[in-house]
Amino acid sequence: MNATLQETASNSSNYYIAFQRDGVPLGFTVLVVVRFIIAIIGVVFNACLLYVAVTTYALQGSCNFLIAFNAFCLVMFLPFMGVGVFKCSFVPIQTCFWWQFIPMFFGNLFIISTLAIAIDRLLSVLFSAWHSRHNTEFSYLSSVLTICVLYSTCIVYICYIAAMKPVDVLVLCLNPADAYRGQIGIALFSLSLTAVSLCIVCYLIIWRSVRKNRSTWNGTFTMKILSSLFVIILLISFGYFLSTMIRVIALFMQFSQFAYIVFVSSMFSVLAMAANAPVLCIFSSDYQIAFREHFPLLFHRSTEVGGGRFNRGTTPVPERIFSRTNVEEWPRREMGHNR
17 MNATLQETAS NSSNYYIAFQ RDGVPLGFTV LVVVRFIIAI IGVVFNACLL YVAVTTYALQ
77 GSCNFLIAFN AFCLVMFLPF MGVGVFKCSF VPIQTCFWWQ FIPMFFGNLF IISTLAIAID
137 RLLSVLFSAW HSRHNTEFSY LSSVLTICVL YSTCIVYICY IAAMKPVDVL VLCLNPADAY
197 RGQIGIALFS LSLTAVSLCI VCYLIIWRSV RKNRSTWNGT FTMKILSSLF VIILLISFGY
257 FLSTMIRVIA LFMQFSQFAY IVFVSSMFSV LAMAANAPVL CIFSSDYQIA FREHFPLLFH
317 RSTEVGGGRF NRGTTPVPER IFSRTNVEEW PRREMGHNR
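Residue numbers (this note's numbering): 17 to 355.
The set of hints was computed from the structure by calculation and includes no laboratory data. Hints are supplied without guarantee of correctness; some may be wrong.
Claimed, not checked - Using C-beta positions, here's what the derived DEER-type ranges look like:
#1 V70 <-> L42: 21 to 29 Å
#2 S155 <-> I277: 40 to 48 Å
#3 W223 <-> A203: 24 to 32 Å
Yeah, the Cβ is synthetic: ideal placement off N, Cα and C, and Gly gets one too.
Assemble the whole structure, with the sequences as input and the hints as a guide.
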């Protein structure tokens, strides 16, 4: 095996070895198109989320700002899933880098901003007094964004230095990861996996703290948004961990099977990115109300608002909070009111 093939083989996201002889098969191209369709749906959803977060006065504070910024990153990242649709052939890795450096920047910015949201929520619980004073200050938000941008910029620069080495490598340029040369791809995938794992740790700490002091946090924004953010990070982590397991299993398969399975596993991450807005709309009453105000036609029949169901032409059903006291007393209050 020559130097080119050795370096190509070390990049697990590269499909050169699988398809170098017969070219890219039609079935694989269909999968690329399907992923692009999912990505476009994700662009629409995240653009709506960005619009709602920016234009709704009630959605203020650092968390909503970071959620909007996170959605912006995905709006910039997901359209580049179409690179493989319009150019599904092998190109030098240097060319692939120039095609993918923008989604490479925003993809890593999405990961680090997701971690920033988790840390921000953790600070709001563990240091609530300090956080309430500083979370809307320009210095706080600008510091968070600066760290995120510097992180992503450093990764793009490292990948640029590696990709511009004189040794030619042919890649099927479908993802930013295809522009990662050699061991850099493994290192950056591990770094993203670590960031996602830290997000899970942050939300578990928050969940435990909130459960211990439920009376303090019940009804607050942290409590309302917690379920949404936890579901989102679970979806993202599911995509990453599933992809990791599949990559390990695929090492024992033929190269063609490996290529199909690894690519299909990457589609779960795209699905998770596309699900941001629906998850927030389903699990967060604040975002439910905001989406209903901005997109009333989508909710003309039925929608959940503030935890209760709103049906067209009917009276809103009161919110039920599922604690023992409230579940028992809610019917009594209703019966007393009807009398």
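Cross-check of the supplied hints:
1. V70 <-> L42: 21 to 29 Å: Cβ of V70 to Cβ of L42: about 42 Å, so the range 21 to 29 Å is violated.
2. S155 <-> I277: 40 to 48 Å: holds, 47 Å
3. W223 <-> A203: 24 to 32 Å: Distance hint for W223, A203 holds at roughly 31 Å.
Hint violations for this structure: number 1 only, all remaining hints satisfied.
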